[in-house]
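2 protein chains.
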Amino acid sequence: MGRYDDLMSLSLRKGFLIPSAEIYGGFSGFYDYGHNGARLRRKWEDLWIRYFLGLGENYHLIDTSTVLPYKALEASGHVDLFTDILVYCTKCREAHRADQLIEAATGTSGEGMNVAQVSAAIKQNGIRCQRCGGPLGDPVPFNIMFPLAVGPQGEDRGFLRPETAQGAYLSFKREFEILRKKLPLGLAMVGKAYRNEISPRQGTYRMREFGQAELQIFFDPAVFEESLDMGSVEDRVLQIAWARSREEVSEETVRGLVTDGAMPSFYAYHLAKVQEFYLNQIQVPRESFRLYELTEEERAFYNDIHFDVQINLTSLGGFREVGGVHYRTSYDLTRHAEHSGEKMEVFHGGKRFVPHVLELSFGVDRNIWATLDLGYDMGEKAVLRVPPRLAPFACAVFPLVNKGELPQMAKGIYRDLRQWTDVLYDDSGSIGRRYARMDEIGTPYCLTVDYDSLEKRDVTVRDRDTTDQVRVPVLQLRSTLTGLLEGTVTFDSLKVGG
Amino acid sequence: MGRYDDLMSLSLRKGFLIPSAEIYGGFSGFYDYGHNGARLRRKWEDLWIRYFLGLGENYHLIDTSTVLPYKALEASGHVDLFTDILVYCTKCREAHRADQLIEAATGTSGEGMNVAQVSAAIKQNGIRCQRCGGPLGDPVPFNIMFPLAVGPQGEDRGFLRPETAQGAYLSFKREFEILRKKLPLGLAMVGKAYRNEISPRQGTYRMREFGQAELQIFFDPAVFEESLDMGSVEDRVLQIAWARSREEVSEETVRGLVTDGAMPSFYAYHLAKVQEFYLNQIQVPRESFRLYELTEEERAFYNDIHFDVQINLTSLGGFREVGGVHYRTSYDLTRHAEHSGEKMEVFHGGKRFVPHVLELSFGVDRNIWATLDLGYDMGEKAVLRVPPRLAPFACAVFPLVNKGELPQMAKGIYRDLRQWTDVLYDDSGSIGRRYARMDEIGTPYCLTVDYDSLEKRDVTVRDRDTTDQVRVPVLQLRSTLTGLLEGTVTFDSLKVGG
Numbered sequence: 000m001g002r003y004d005d006l007m008s009l010s011l012r013k014g015f016l017i018p019s020a021e022i023y024g025g026f027s028g029f030y031d032y033g034h035n036g037a038r039l040r041r042k043w044e045d046l047w048i049r050y051f052l053g054l055g056e057n058y059h060l061i062d063t064s065t066v067l068p069y070k071a072l073e074a075s076g077h078v079d080l081f082t083d084i085l086v087y088c089t090k091c092r093e094a095h096r097a098d099q100l101i102e103a104a105t106g107t108s109g110e111g112m113n114v115a116q117v118s119a120a121i122k123q124n125g126i127r128c129q130r131c132g133g134p135l136g137d138p139v140p141f142n143i144m145f146p147l148a149v150g151p152q153g154e155d156r157g158f159l160r161p162e163t164a165q166g167a168y169l170s171f172k173r174e175f176e177i178l179r180k181k182l183p184l185g186l187a188m189v190g191k192a193y194r195n196e197i198s199p200r201q202g203t204y205r206m207r208e209f210g211q212a213e214l215q216i217f218f219d220p221a222v223f224e225e226s227l228d229m230g231s232v233e234d235r236v237l238q239i240a241w242a243r244s245r246e247e248v249s250e251e252t253v254r255g256l257v258t259d260g261a262m263p264s265f266y267a268y269h270l271a272k273v274q275e276f277y278l279n280q281i282q283v284p285r286e287s288f289r290l291y292e293l294t295e296e297e298r299a300f301y302n303d304i305h306f307d308v309q310i311n312l313t314s315l316g317g318f319r320e321v322g323g324v325h326y327r328t329s330y331d332l333t334r335h336a337e338h339s340g341e342k343m344e345v346f347h348g349g350k351r352f353v354p355h356v357l358e359l360s361f362g363v364d365r366n367i368w369a370t371l372d373l374g375y376d377m378g379e380k381a382v383l384r385v386p387p388r389l390a391p392f393a394c395a396v397f398p399l400v401n402k403g404e405l406p407q408m409a410k411g412i413y414r415d416l417r418q419w420t421d422v423l424y425d426d427s428g429s430i431g432r433r434y435a436r437m438d439e440i441g442t443p444y445c446l447t448v449d450y451d452s453l454e455k456r457d458v459t460v461r462d463r464d465t466t467d468q469v470r471v472p473v474l475q476l477r478s479t480l481t482g483l484l485e486g487t488v489t490f491d492s493l494k495v496g497g
Numbered sequence: 000m001g002r003y004d005d006l007m008s009l010s011l012r013k014g015f016l017i018p019s020a021e022i023y024g025g026f027s028g029f030y031d032y033g034h035n036g037a038r039l040r041r042k043w044e045d046l047w048i049r050y051f052l053g054l055g056e057n058y059h060l061i062d063t064s065t066v067l068p069y070k071a072l073e074a075s076g077h078v079d080l081f082t083d084i085l086v087y088c089t090k091c092r093e094a095h096r097a098d099q100l101i102e103a104a105t106g107t108s109g110e111g112m113n114v115a116q117v118s119a120a121i122k123q124n125g126i127r128c129q130r131c132g133g134p135l136g137d138p139v140p141f142n143i144m145f146p147l148a149v150g151p152q153g154e155d156r157g158f159l160r161p162e163t164a165q166g167a168y169l170s171f172k173r174e175f176e177i178l179r180k181k182l183p184l185g186l187a188m189v190g191k192a193y194r195n196e197i198s199p200r201q202g203t204y205r206m207r208e209f210g211q212a213e214l215q216i217f218f219d220p221a222v223f224e225e226s227l228d229m230g231s232v233e234d235r236v237l238q239i240a241w242a243r244s245r246e247e248v249s250e251e252t253v254r255g256l257v258t259d260g261a262m263p264s265f266y267a268y269h270l271a272k273v274q275e276f277y278l279n280q281i282q283v284p285r286e287s288f289r290l291y292e293l294t295e296e297e298r299a300f301y302n303d304i305h306f307d308v309q310i311n312l313t314s315l316g317g318f319r320e321v322g323g324v325h326y327r328t329s330y331d332l333t334r335h336a337e338h339s340g341e342k343m344e345v346f347h348g349g350k351r352f353v354p355h356v357l358e359l360s361f362g363v364d365r366n367i368w369a370t371l372d373l374g375y376d377m378g379e380k381a382v383l384r385v386p387p388r389l390a391p392f393a394c395a396v397f398p399l400v401n402k403g404e405l406p407q408m409a410k411g412i413y414r415d416l417r418q419w420t421d422v423l424y425d426d427s428g429s430i431g432r433r434y435a436r437m438d439e440i441g442t443p444y445c446l447t448v449d450y451d452s453l454e455k456r457d458v459t460v461r462d463r464d465t466t467d468q469v470r471v472p473v474l475q476l477r478s479t480l481t482g483l484l485e486g487t488v489t490f491d492s493l494k495v496g497g
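First to last, the protein sequences are chains V and F.
In terms of numbering that gives the first Met the number 0, the first sequence opens at residue 0 and continues consecutively.
In terms of numbering that gives the first Met the number 0, the second sequence opens at residue 0 and continues consecutively.
Bear in mind the hints are in silico, worked out from the structure with no lab data behind them.
For every residue, glycine included, the Cβ atom is placed at its ideal position computed from N, Cα and C.
Errors might be hidden in some of the hints.
[Stated by the list, open to error] What the simulated footprint calls covered on chain F by chain V, stretch by stretch (three residues with Cβ under 8 Å from a Cβ of chain V suffice, anywhere in the stretch; the number is not a length): (1) 31–42; (2) 53–65.
[What the hints assert, rightly or not] Partial chain V-side listing against chain F, Cβ under 8 Å, derived: (3) Ser19; (4) Glu21; (5) His34; (6) His59; (7) Thr65; (8) Leu67; (9) Phe145; (10) Asp155; (11) Gly157; (12) Lys172.
Build the full structure now, drawing on both the sequences and the hints.
In structure tokens:
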């Protein structure tokens, strides 16, 4: 088994990710989050929300409906343009996604090709059905949105939203007014989006229902950088994979990028902030992270600048996209203004204009997968080394033995802790076995109540990553654990103190 | 304007609830959460999760897909039975929901009637189209699930899930095994569900996309009560509206209910816990809360006992359902076992059986609406009196005047606070105007930096509900606010201390 299979198997056995409707044989393109996965995801989302809302003082969380009316998605261009190219086998009727077929046959990506180019590529390379070897039919565009007939007679046509972004654009006008007409304005959303992928694959990497965490920043391009603390990031070294030389990551300072005119300073600033999120908050190793420039052919036509956020994932064979930074200009607001008849111009800073949008977009499930991939240390025993505040459970409480007064004291501590944090209780098997169980699901701190505890009112706290232990008084457990989880206290400093 | 209109208007102006795709004229049955609503909802969910997972040591959060395959919903009975009865006007083609039509015409509920009964009621009462007065056609059953064609040829039929519950039943077998085969096992979920309501109405009260927060408890009915701390609830007085005398609430102790044999003790225990959640955590006044028994005709055929959780909502004209406690027996697991071929029997406590299910089910949007309805005090100025930990923002920071060193100190405090909590900064208009703005969105604590603050390193903290003020040292702000939000510190105790 490769790393991918190992990870998927562990994920299933430990209740992270599980195929949906498993007892009915699963449902292609859909996954469930089990009891550890659901907590990991909620914590990742909480961390994302705090960090990205923290980028601006006028940045807010909203949550809009997952079903959108036809008109809104016609305006956004999704009704006409949100298509993949589909090729059927004329013999076995298998449906293939043209770009994947071409990539599999030729080794170069077929992304961004139109119908004529796909036709030509199939002919030139003699590509046939991957399943039965039969001849392929003519390529056809296939809209990957899920249509929905709303109302008793299906009279209100709609779609499951293909991205959360549109909800923010549709809300812009109302929120701009409620929030007293200030720019930049940030509208963040964490929620579901849906795409009828032709061939979903690679676990949670390409799903039909998936989570997105997106921040849309509305701004005046003439003055945006003045509102940013450029000085705080200008010495940062970014890991850039330029379109012209992709296989080598180039280390570039923000100052250099801006001075060279490689990109606007507001764009470089946000690349730095996204990198900071991954390197500092999620603790991705620098060498496993890169910002990957897309060419004009590769990026959507409304994006002026587009870098993917990529992480090197062993389970998926290399660097893979987990997010993107998209300068969408005024495209979306202008389209909605045209189609809805509502003005999207604002009067701000003495002039009237349609705000531009910078989108910071992240795939939640891809990030969860990346967290598991980067975190799982599959030695003799599996240990999930995720940052403590992302761990499904912050701590576990064990009585050393399950007799005498130990269980009672341990239960009391457990019940106190669960008032404010996520904690497990385990009294079965040897302490070693219990540590191993907690290591497998990433629990950073295990608290053992032993005979000394009864007298001294303290417990042993064991650190997942070093297996070091310190004794902590019961009365200080909350403050100590809070400090450890927030990163304001280190485990080593406790040892010195003890 | 009535209370409903006042509330909806305020909700819109303050960014709580906003019609979806508003710039396109809205989308019937769909609402968005604006920047205050999204935070209120996330906090309500966090509170719900902590409280309900806290009911058992083997209770866990999961998150399953919102799209389910046809087979799973055929097994659950939804494909055949999840219908409302629809009556079209033969003249204007308006679609009416039969039970609502009958209730509007006769004043008694048409819920639970079959097609023949609806036909008879229409004839007997001479009911005609509410819109044009035309004659009505024959009633027809209408399945209110949204079908979804999945895959490029729509070959995988599915539905948007009509309730989150099924995800937990489909996960039971896998989670029971991962969690080492213990009962009771609780699987909680907070997520979206979808119903193609014939006539969505009353704001967020009956929507086509809505949030549910549900806990499914799997147990052995022979021994469930032994695992519950009955002693802790037996003196609790429950507000019961019996089916036989609904207009009067009867105050009953848990002990009395159990001794009388009115319901199993495990059921009474959970009614008490649900009431505790509303009275203590959400702070609903006792007289505005009741547990409303459903008759055999009213409840779903698989429910053995069913009480709705109801709150008296001025905006909706009386007590309205916000949740329910459903004893679903082994119905769901047995159906899925039959249809999937997977055994749902467990071996536990020395015997083999299919676990029973107690479902604690809550409508998230209805609860948010109820929170706004109960909380909004519409005096001369609107004040949203929600429990502090539900407020969209925990606090706000103001410089008394926007000059000298005050703004700098205020900004510093604001930036420290936003590392760990939700806080707003406001420096525009008089202090009175700023208090009023915060009162309108329920911010419980306003912190003002004045000239004394510069010297004494403290701020004025003003309490939303009493408008009392105390001075708190900057260094103690975090611990003081944490205590106030968690309810371990009272505002009065600060005054005595100061």
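Report task. Run the structure past the numbered hints and jot down the numbers of the failing ones, going up. Result -> Every hint satisfied by this model.
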